[in-house]
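*Asks:* Below, each chain spelled out in residue letters.
Number of protein chains: 2
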Amino acid sequence: MDDAVFNTAVEVFKVDREQGASELARQALKIMGECAVTCSAVTTAELIATLEQRVQTLKDARPSMAPVFNLLKRWKARLSTYADKELKQARVALAEDAIELIKLSEDAVTAVAKNAAGFLGSGKTLFTHSLSSTVMALFRELQGRNVQAIITESRPLNEGHTLARELAKLSIPTTLITEAQIGLFIDQADAVVIGADSLLPDGSMINKAGSYLVALAAREEGVPFYVCCESFKQRAEEMGEPVLESMDASELSAPVIDGVMTKNCYFDITPAHLIKGWIDEIGVRLS
Amino acid sequence: MDDAVFNTAVEVFKVDREQGASELARQALKIMGECAVTCSAVTTAELIATLEQRVQTLKDARPSMAPVFNLLKRWKARLSTYADKELKQARVALAEDAIELIKLSEDAVTAVAKNAAGFLGSGKTLFTHSLSSTVMALFRELQGRNVQAIITESRPLNEGHTLARELAKLSIPTTLITEAQIGLFIDQADAVVIGADSLLPDGSMINKAGSYLVALAAREEGVPFYVCCESFKQRAEEMGEPVLESMDASELSAPVIDGVMTKNCYFDITPAHLIKGWIDEIGVRLS
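Residue numbers (the numbering used here), protein chains in the order written: chain B, 247 to 533; chain Y, 247 to 533.
Wrong hints could be hidden among the right ones.
Given that identical chains are not distinguished, each listed pair holds provided it fits within a single copy or across any two copies.
Stated by the list, open to error - The calculated lysine-lysine pairs, modelled on BS3-like cross-linking and capped at a C-alpha distance of 27 Å, are:
#1 Lys260 <-> Lys522
#2 Lys509 <-> Lys334
#3 Lys370 <-> Lys509
#4 Lys415 <-> Lys509
#5 Lys522 <-> Lys334
#6 Lys322 <-> Lys334
#7 Lys260 <-> Lys331
Calculated from the structure, these hints are not laboratory results. From a predicted model like this one, the values you see are computed outputs, not experimental measurements.
The following block holds chain B by itself, in its conformation from the complex:
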């Protein structure tokens, strides 16, 4: 993977909004694994220097995604341990490390889903917002266990439509609503289960815009709000203040009018005090 190919991969990675934070982190590891094997280097030292630089480029491309930061950090920590190895051996070992970390991330998601399914049990109506691979794994765990779903369309990209199709494949009866109707339907749910892009040190959560509204409505109507995410989502202090990414306003298909500024912020913060429980690969922590 030469500079040009890497830079193209970074550009794609930077604007990818179809994959969630965990999937993007695994994508980043996949890119680094390929770089380890194929990037230009004549010495192990040169390889390590190039890879360190590329890891930083990938981290900077998605600054608000905690799992990208965390998994790349884990992988980067291995680099120096191969300083004394022969170039070819170092390349192979680093590629294997990337694969191992990808597996670790996938296993963590599976464990979160199993823990959430065990905790929530059968026969429940679950409310969710946006599309989370972890929540999707939870629904797969609950297939055939008399579960129902209430989901939002999730403007502007309507990830809710994708989720609806996936739930239909699992034969899970689903009600699809606009974000505007969150307050009307939340009391029909036994619980809210929602993924996260990042968890902040105080337990607050960064997730798709609208999650905060779901949490406010859930509290008002007495519906417990659970965050389902693996611990790789925990945002390290060293990441600094979170930046809530905005995307191109044209995604909203709003008319362009002089004096009217259209905003398309993708993420909001749900404060910890609105969260009833955090479910990760270890277990369930209630507030």
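Mind docking chain Y on chain B? Use the hints.
*Replies:* Frame of chain B, contents of chain Y only:
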């Protein structure tokens, strides 16, 4: 206006979602005024009987709209007072009554806007949801007074786009957001001003779905939430339990998927305890 023309007018009235509750009430009075002049009748008694029946038909067409109920009730109360009049005189008097009530309704909206503008004052950033003719009248009152607006697109029909165009004409700087971003932008506002379709006896408000979420976010962020509507919006006890109208799910342009039920409920209820003040044609009542 013979039966066929009246029935067509009722059908249009029934599905009209471009006009707010007050405008629909005036539309109903306009229809009844025309009926009074042109409907088939050879005696005053026959005229009154026909008009009573038609008033009921119009009321039943929009059962959740308090001003339709209230203004038609006011007009209907006049019918019996003309029982002794000559047919032609009765027709003219009833048409004039309809015009008078339309004027009363319009004047009430203007008075609400003036009261709200006086209360809120200059230099404020106001957050609103959906399109309310009363809130629009308020913005006209505040034109040139350094006011800014934050407004939602208001899915599914995007009345927010219409509002954005109107605000641009008034040179009021406007930020347009999705409903999902309500929680992200509410704290940039000095106050929420919102219209209502109906006010319930306990002070709760029926309005476009999403209003409840705005109120929840406003409370959480310490932004006062004001309802601006004339007293014709007060729902009478005799109207019974409110019915929250739903519309065709196809308006959401969601994919049609087996096992997925798409919902398009137009209204939600904002409980009185989330409302900081009610502004009507008389003045401002704070909670």
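*Asks:* Are the hints correct? Go through all of them and say.
*Replies:* Against the structure, the hints come out as follows:
no. : hint              : in the structure
1   : Lys260 <-> Lys522 : neither (33 Å within a copy, 43 Å between copies)
2   : Lys509 <-> Lys334 : neither (49 Å within a copy, 58 Å between copies)
3   : Lys370 <-> Lys509 : between (36 Å within a copy, 20 Å between copies)
4   : Lys415 <-> Lys509 : between (34 Å within a copy, 20 Å between copies)
5   : Lys522 <-> Lys334 : neither (50 Å within a copy, 70 Å between copies)
6   : Lys322 <-> Lys334 : within (18 Å within a copy, 92 Å between copies)
7   : Lys260 <-> Lys331 : neither (33 Å within a copy, 78 Å between copies)
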